[in-house]
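Student: The primary structure of each chain is shown beneath.
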Amino acid sequence: MMGKKRVIGGVVALVIVLSGFGYLMYGGIGENLVYFVTPAELLERGDDAYERPVRLGGQVVPGTVRWNADELDLRFTLQDEDVHVEVISRKAPPAMFREGQGVIVEGSLNRDGVFESSNLMVKHSNEYRAPDDHEVMPAEKYRDLIRQTN
Amino acid sequence: MTRIIGSSAVIAALAIASYGMIAAVVGVKRREAALVRSARAAAYTCFGLMTVANLAMIYGLVTHDFSIDYVAQVGSRATPVFFTVISLWSALEGSILFWGWVLALYAALAMWITKSSLGSLGAYANAVLLFVSAFFYILLVGPANPFGLVSPVPLDGPGPNPLLQNHILMAVHPPLLYLGYVGMTVPFAFGLGALLSGRLDDTWLRVTRTWTVAAWSFLTLAIVAGMWWSYEVLGWGGYWAWDPVENASFLPWLTATAFMHSAMVQERRGLLRVWNMSLIIATFLLTILGTFLTRSGVISSVHAFGEGPIGTYFLAFMAVTLVFSMVMLLGRSTELRSEGHLDSMASRETVFLGNNLLFTAFTFTVLLGTLFPILAEAARGVKVSVGAPFFNMMTIPLCVALIFLVGVGPMLPWRVANMEELRRKLRIPGGAAVLTLAVALTLGMRDFWGLLAFTAGAFALLGNVQEFVLGTMARRRAGGGSIPRALWGLMNSNPRRYGGYTAHIGLVLMAIGITASSAFRMEREATVRLGEMVELGGYTVRFEELWAEDQPHRFVVGSRFAVLINGRERGEMNPRLNYYRARGSEPITTPSVRTRAHNDLYLTLLAFESDGSSATVTVIVEPLVVWIWIGSLIIAMGAFFSIWPRRRRPSPVRRTRNELQEAGVA
Numbered sequence: 000m001m002g003k004k005r006v007i008g009g010v011v012a013l014v015i016v017l018s019g020f021g022y023l024m025y026g027g028i029g030e031n032l033v034y035f036v037t038p039a040e041l042l043e044r045g046d047d048a049y050e051r052p053v054r055l056g057g058q059v060v061p062g063t064v065r066w067n068a069d070e071l072d073l074r075f076t077l078q079d080e081d082v083h084v085e086v087i088s089r090k091a092p093p094a095m096f097r098e099g100q101g102v103i104v105e106g107s108l109n110r111d112g113v114f115e116s117s118n119l120m121v122k123h124s125n126e127y128r129a130p131d132d133h134e135v136m137p138a139e140k141y142r143d144l145i146r147q148t149n
Numbered sequence: 000m001t002r003i004i005g006s007s008a009v010i011a012a013l014a015i016a017s018y019g020m021i022a023a024v025v026g027v028k029r030r031e032a033a034l035v036r037s038a039r040a041a042a043y044t045c046f047g048l049m050t051v052a053n054l055a056m057i058y059g060l061v062t063h064d065f066s067i068d069y070v071a072q073v074g075s076r077a078t079p080v081f082f083t084v085i086s087l088w089s090a091l092e093g094s095i096l097f098w099g100w101v102l103a104l105y106a107a108l109a110m111w112i113t114k115s116s117l118g119s120l121g122a123y124a125n126a127v128l129l130f131v132s133a134f135f136y137i138l139l140v141g142p143a144n145p146f147g148l149v150s151p152v153p154l155d156g157p158g159p160n161p162l163l164q165n166h167i168l169m170a171v172h173p174p175l176l177y178l179g180y181v182g183m184t185v186p187f188a189f190g191l192g193a194l195l196s197g198r199l200d201d202t203w204l205r206v207t208r209t210w211t212v213a214a215w216s217f218l219t220l221a222i223v224a225g226m227w228w229s230y231e232v233l234g235w236g237g238y239w240a241w242d243p244v245e246n247a248s249f250l251p252w253l254t255a256t257a258f259m260h261s262a263m264v265q266e267r268r269g270l271l272r273v274w275n276m277s278l279i280i281a282t283f284l285l286t287i288l289g290t291f292l293t294r295s296g297v298i299s300s301v302h303a304f305g306e307g308p309i310g311t312y313f314l315a316f317m318a319v320t321l322v323f324s325m326v327m328l329l330g331r332s333t334e335l336r337s338e339g340h341l342d343s344m345a346s347r348e349t350v351f352l353g354n355n356l357l358f359t360a361f362t363f364t365v366l367l368g369t370l371f372p373i374l375a376e377a378a379r380g381v382k383v384s385v386g387a388p389f390f391n392m393m394t395i396p397l398c399v400a401l402i403f404l405v406g407v408g409p410m411l412p413w414r415v416a417n418m419e420e421l422r423r424k425l426r427i428p429g430g431a432a433v434l435t436l437a438v439a440l441t442l443g444m445r446d447f448w449g450l451l452a453f454t455a456g457a458f459a460l461l462g463n464v465q466e467f468v469l470g471t472m473a474r475r476r477a478g479g480g481s482i483p484r485a486l487w488g489l490m491n492s493n494p495r496r497y498g499g500y501t502a503h504i505g506l507v508l509m510a511i512g513i514t515a516s517s518a519f520r521m522e523r524e525a526t527v528r529l530g531e532m533v534e535l536g537g538y539t540v541r542f543e544e545l546w547a548e549d550q551p552h553r554f555v556v557g558s559r560f561a562v563l564i565n566g567r568e569r570g571e572m573n574p575r576l577n578y579y580r581a582r583g584s585e586p587i588t589t590p591s592v593r594t595r596a597h598n599d600l601y602l603t604l605l606a607f608e609s610d611g612s613s614a615t616v617t618v619i620v621e622p623l624v625v626w627i628w629i630g631s632l633i634i635a636m637g638a639f640f641s642i643w644p645r646r647r648r649p650s651p652v653r654r655t656r657n658e659l660q661e662a663g664v665a
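If you're matching them up, the sequences are chains A and B in order. Position 63 of the first sequence, counting from 1, maps to 62 under numbering that gives the first Met the number 0, and the rest follow consecutively. Position 309 of the second sequence, counting from 1, maps to 308 under numbering that gives the first Met the number 0, and the rest follow consecutively.
Rather than coming from a laboratory, the hints here were simulated on the basis of the structure. Glycine included, every Cβ here is placed at the ideal spot set by N, Cα and C. Check each hint, because a few of them may be wrong.
Unchecked claim - Here are some chain A residues the structure puts well away from chain B; computed CB gaps all over 10 Å:
1) Y49
2) V60
3) E115
To be verified - With a straight-line Cα cutoff of 20 Å, these simulated SDA-like cross-link-like pairs (lysine to any residue) come out:
4) A:K90 <-> A:V113
5) A:K90 <-> B:K114
6) A:K90 <-> A:Q58
7) B:K382 <-> A:G21
8) A:K90 <-> B:R523
9) B:K382 <-> B:E524
10) A:K90 <-> B:E522
11) A:K90 <-> B:E524
12) B:K382 <-> A:K90
13) B:K114 <-> B:R29
14) B:K382 <-> A:I103
15) B:K28 <-> B:D446
16) B:K382 <-> A:R97
17) A:K90 <-> B:L233
18) B:K382 <-> A:L71
19) B:K382 <-> A:L119
20) B:K382 <-> A:R44
21) B:K424 <-> B:L469
22) A:K90 <-> B:E608
23) B:K382 <-> A:L32
24) B:K382 <-> A:E43
25) A:K90 <-> B:M327
26) A:K90 <-> A:L71
27) B:K382 <-> A:Q78
28) B:K382 <-> A:P92
29) B:K382 <-> A:Y25
30) A:K90 <-> B:M521
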């Protein structure tokens, strides 16, 4: 049978282990928080904006997207209201990436004021949205592929 | 018409569940058996009514009755019939309807099996089951009503979320998840029934053991099916991202796993009685929390939560359940004092305590990481996310320690270990661990936790396999017979133990697969013209052709790649992009995976030239991924083996303390 002393010893050990774990957890979460910001909020941070991991959300400015498939080099400008941030990504754009769309890029702002993205996510909702009259249906875009296949 | 039948069935179920709940409690208080019986009949009736409601919805979906709110929301004439049927659980209202049916099924089965044999304990458990059912029926009548009327009736609908109709696993993952999630209501109900009735012995644990293990197995399979789906559909070559939705399914799994182990300590040694009660209450609340997180929209934004009323219902239900359970538990805490005590640090119960400590830490870590962004937004108005590095940093050491315990546990007997025997049993697994470490170091592996994970994995694998080998050998020495027969006899002599060890082996295989596939993953992205090749990890893929196909409900752009190994052609792969018409223009990536025992070759089509001349692809090579899926099947096989109904009497070793007490032994 375990004596009272051993029980107390066990409880003390447990408290030490748990508080150590709690401390680790507190520190760990603080270091790994990634803030969501808009271009305006990012630039407001001044010097603190550089080289800190954030998620930057904004709209892809139409006409700014340059995609070099051979070099896997994607550049575009993100905006919210009137603040613009230039973004560079070394990955192919996701299939749903288009101009004028809301996107989130994960990465950090480098010293040249260019946002280097390591991960690009397209904002989309699960909700149904009636197709816009002005929107070109993707099927139309790729009709020529079908013609070649058939 | 379909709409009226469905909604009437739900309303009737709500009325009958409310009646049954009251009848059960009043019946016990006044000792009126007829009332208690009528409460059981209420559970059966609810099952019948929910079956009608679910069939009505399926009928509505299949016949494209767009006057029904839910059908108008997820139905579409172009969707294939199979995906139309499973769109029953593709959105909120249908999911809750299906949940209601699964819960009614569990409640009816639990009452059918136990009947009146448990007296007041069973009656109270029924009341709890009907209370939880009533909550879901209220959701179905109020904020999540799937049978609302749409006017004017639309001619067609958008179809289910394309992500959900893009893969067959979506037919499997949600039902398994509900079977797992909802199944945890049964042990919770009987636990609470024990608190309410004052029958605080181990009856509730023994009665619900099968239910807990079954629900846990479904939940395990559901989580892995979700991982597999994510791997096969999302196109990034991963299966787990510490996404809040994933964490929501994982949290109750953690506490349920802890519960299954600590329940054994209570049955064998009479310890941890308050703890077990707390664990099952926590498990149940975490299933509700998980549904709340995934269904209220609170994850994407605290503000989304305010838009729909359903979040408030969930919060209120959780608060009521938590407070009521805690009050009941505190009220009975003196009666729930441990009957036994810990004899030695070197015993199986100590390992189980360690297991529980680790699982509790694990649960808190995942819970904090999942809820932190919500709390931060609510309190300070900032949008943050907790990165995967936090979860990895915190949980990888816990996983390694748990795998080590998986190996040690079976070596230690209950009460006190015989040191001589322990040393003997440590020899082979310990040797295997050292050997694995040496081989991994020689091969150039330097990742600290990766090395530890493989070492602990080898130790745990051999530790559990050894139990089968030693047992089979002893059986052959005693009675002869072939090896398979002796093995089968051994496993059936103590299904709970050997089913558990089988599950351990599956878990270790999973852990090895996860470690290897994350530590040695290779990835390359490239744009290729027709005939050009990409090389990675011993594979060469050559871009052969780009094609397109017009299907009724979608438009498919596909590619064909030849796979070459050592210059010889070994097959082809067809990563695709699917455009679901009714859902706007977002394409869904459909990667192509070539699975082998030693590694997977994974191709995702990212972009293409519309003249078919070039394509951008991601090529990924990940070792041992298939062992994650195989491991999970072995876990489920082991778990189901341990609870499979058997006619023969339990051997004396398997008798629980209660039975011994009843027989006047202890």
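Student: Hint by hint, say whether it matches the structure.
Tutor: Tested hints:
1. Y49: It holds; Y49 of chain A is separated from chain B by about 19 Å at its closest Cβ, greater than 10 Å.
2. V60: holds (20 Å)
3. E115: holds (16 Å)
4. A:K90 <-> A:V113: Holds - the C-alpha atoms of V113 of chain A and K90 of chain A are around 16 Å apart, at most 20 Å.
5. A:K90 <-> B:K114: Given pair K90 of chain A, K114 of chain B is violated - Cα atoms ~62 Å apart, limit 20 Å.
6. A:K90 <-> A:Q58: The hint holds at about 19 Å.
7. B:K382 <-> A:G21: violated (23 Å)
8. A:K90 <-> B:R523: holds (10 Å)
9. B:K382 <-> B:E524: violated (31 Å)
10. A:K90 <-> B:E522: holds (12 Å)
11. A:K90 <-> B:E524: holds (7 Å)
12. B:K382 <-> A:K90: Distance ~26 Å between K382 of chain B and K90 of chain A Cα, so the pair is violated.
13. B:K114 <-> B:R29: Holds, at about 19 Å.
14. B:K382 <-> A:I103: This hinted pair holds, its Cα atoms lying about 13 Å apart.
15. B:K28 <-> B:D446: Distance of about 63 Å is beyond 20 Å: violated.
16. B:K382 <-> A:R97: The given pair, whose Cα atoms are some 25 Å apart, is violated under the 20 Å limit.
17. A:K90 <-> B:L233: holds (16 Å)
18. B:K382 <-> A:L71: violated (31 Å)
19. B:K382 <-> A:L119: Given pair K382 of chain B, L119 of chain A holds - Cα atoms ~18 Å apart, limit 20 Å.
20. B:K382 <-> A:R44: holds (15 Å)
21. B:K424 <-> B:L469: Roughly 10 Å between the alpha carbons, so the hint for K424 of chain B and L469 of chain B holds.
22. A:K90 <-> B:E608: holds (16 Å)
23. B:K382 <-> A:L32: holds (10 Å)
24. B:K382 <-> A:E43: Holds, because 16 Å separates the two Cα atoms, which is no more than 20 Å.
25. A:K90 <-> B:M327: Cα-Cα ~56 Å, so violated.
26. A:K90 <-> A:L71: Satisfied, since the Cα-Cα distance of roughly 6 Å is no more than 20 Å.
27. B:K382 <-> A:Q78: holds (18 Å)
28. B:K382 <-> A:P92: Answer violated: K382 of chain B to P92 of chain A is near 25 Å, above 20 Å.
29. B:K382 <-> A:Y25: Holds, because 18 Å separates the two Cα atoms, which is no more than 20 Å.
30. A:K90 <-> B:M521: holds (15 Å)
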